[in-house]
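A.B. asks: Protein chains in written order, with the working numbering: chain L, 1 to 190; chain C, 1001 to 1190.
If you are wondering where the hints come from, they were derived from the structure by calculation, not from laboratory data. Hints may be right or wrong, so weigh each one.
[Stated by the list, open to error] In silico EDC-like links for lysine to aspartate or glutamate, alpha-carbon gap of 20 Å or less:
id: 1; chain 1: L; residue 1: Lys181; chain 2: C; residue 2: Glu1132
id: 2; chain 1: C; residue 1: Lys1125; chain 2: C; residue 2: Glu1173
id: 3; chain 1: L; residue 1: Lys147; chain 2: C; residue 2: Glu1173
id: 4; chain 1: C; residue 1: Lys1147; chain 2: C; residue 2: Glu1132
2 protein chains.
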Amino acid sequence: MGRRNEILKRATEVFERQGVTQTSLEDIARAVGIKREAIYYYFKGRHDILLEILLPQSQALLSGLHDIQQSEASARDKLHSAVEHHLLSYNPRYLEMSIALREDHFFGRDGRLGEIQLIWRDYGKLWTRLIEDGQRSGEFRGDLNAKLVSYGVLGMCNWLSRWFSPDGPLTIEQIIDTYFKLTVEGLAAR
Amino acid sequence: MGRRNEILKRATEVFERQGVTQTSLEDIARAVGIKREAIYYYFKGRHDILLEILLPQSQALLSGLHDIQQSEASARDKLHSAVEHHLLSYNPRYLEMSIALREDHFFGRDGRLGEIQLIWRDYGKLWTRLIEDGQRSGEFRGDLNAKLVSYGVLGMCNWLSRWFSPDGPLTIEQIIDTYFKLTVEGLAAR
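From just these sequences and the hints, can you work out the full model?
C.D. replies: If you want it as structure tokens, here you go:
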């Protein structure tokens, strides 16, 4: 592993452990076992490292949803794939960082992090379109605001970053199944 | 307004604006217009202030849900009241702080903040019991894990702290109505 990749790997670990706002470049350098100054050969700073960790992941999330959206599946099946895609591809710990990123006081300091915000905005729009398409085709009820529904489902999924533990009794597969059924079929007994 | 209350009020504003992890006692003192040392007359530190802001609010949230749970209403009506209670009593901005609190690296530094974590744990348990009761009475389907459902609904609601703006086009009343219908009836057309 090259020095550059090692910095990215160690930085990810430190960000996960301490949270982004409480991680200094010094912390990252210590984890790699190099001097703080040596990092500047590869990265402009902490936010530059963070960007390089989050950007490819966010792009993959968006392009995966594009593929789902363009398939010939029913709206119901697309929704299942979208929930599955989101929960499987997003390491809940990484998500905490994305969440931190979305706080405006964080963004205000570095314009480049705005690239990720744009991807997330497009991702949210694509989710909303998926719901709208299902409403237009008559598969989904038309009386609920599609944007609100998509934010609701994303919120449900993203909240995992606050409680989910890979060592706990609930598996990701079970969560995907439950959240899909809850969203599409509802909790009321038939 | 006494000096003590003024410190709490200004601290809330600064926490909202900058986020908890990026707010120093110095920042709070500056907002009040006093010296940092003067704060120690009233509070032990930043976490002590934070506790005093969040504790009463968290307690009110829990006791309100207790009242709902003990009423004679149907499970469906209780769920509606619970969603409404949660979204109306929780100023989305305050919520950001609660979220910050729930990050373990934050908790580890000050045991007293654990009091809030305990309240939130009880609150989550009460939500789960509300779902379980509805499953036992036959109003709610029994094949979904009640804890997962309650975390899902809470996640849906708590996600508001990341996107909701009181100046935006969507009202809290509309959100309560949509999230309740989505949870109970589901998205599929009948």
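A.B. asks: State for each hint whether it applies.
C.D. replies: Verification of the hints:
A distance of roughly 17 Å separates the Cα atoms of Lys181(L) and Glu1132(C); the hinted pair therefore holds under the 20 Å criterion. For the hint pairing Lys1125(C) with Glu1173(C), the CA-to-CA distance comes to about 25 Å; that exceeds 20 Å, so the pair is violated. For the suggested pair Lys147(L) and Glu1173(C), the alpha carbons sit about 15 Å apart, so the restraint of at most 20 Å is met. At most 20 Å may separate the alpha-carbon atoms for a hinted pair to count; Lys1147(C) and Glu1132(C) meet this at roughly 9 Å.
Checked against the numbered hints given earlier, this structure breaks only hint 2.
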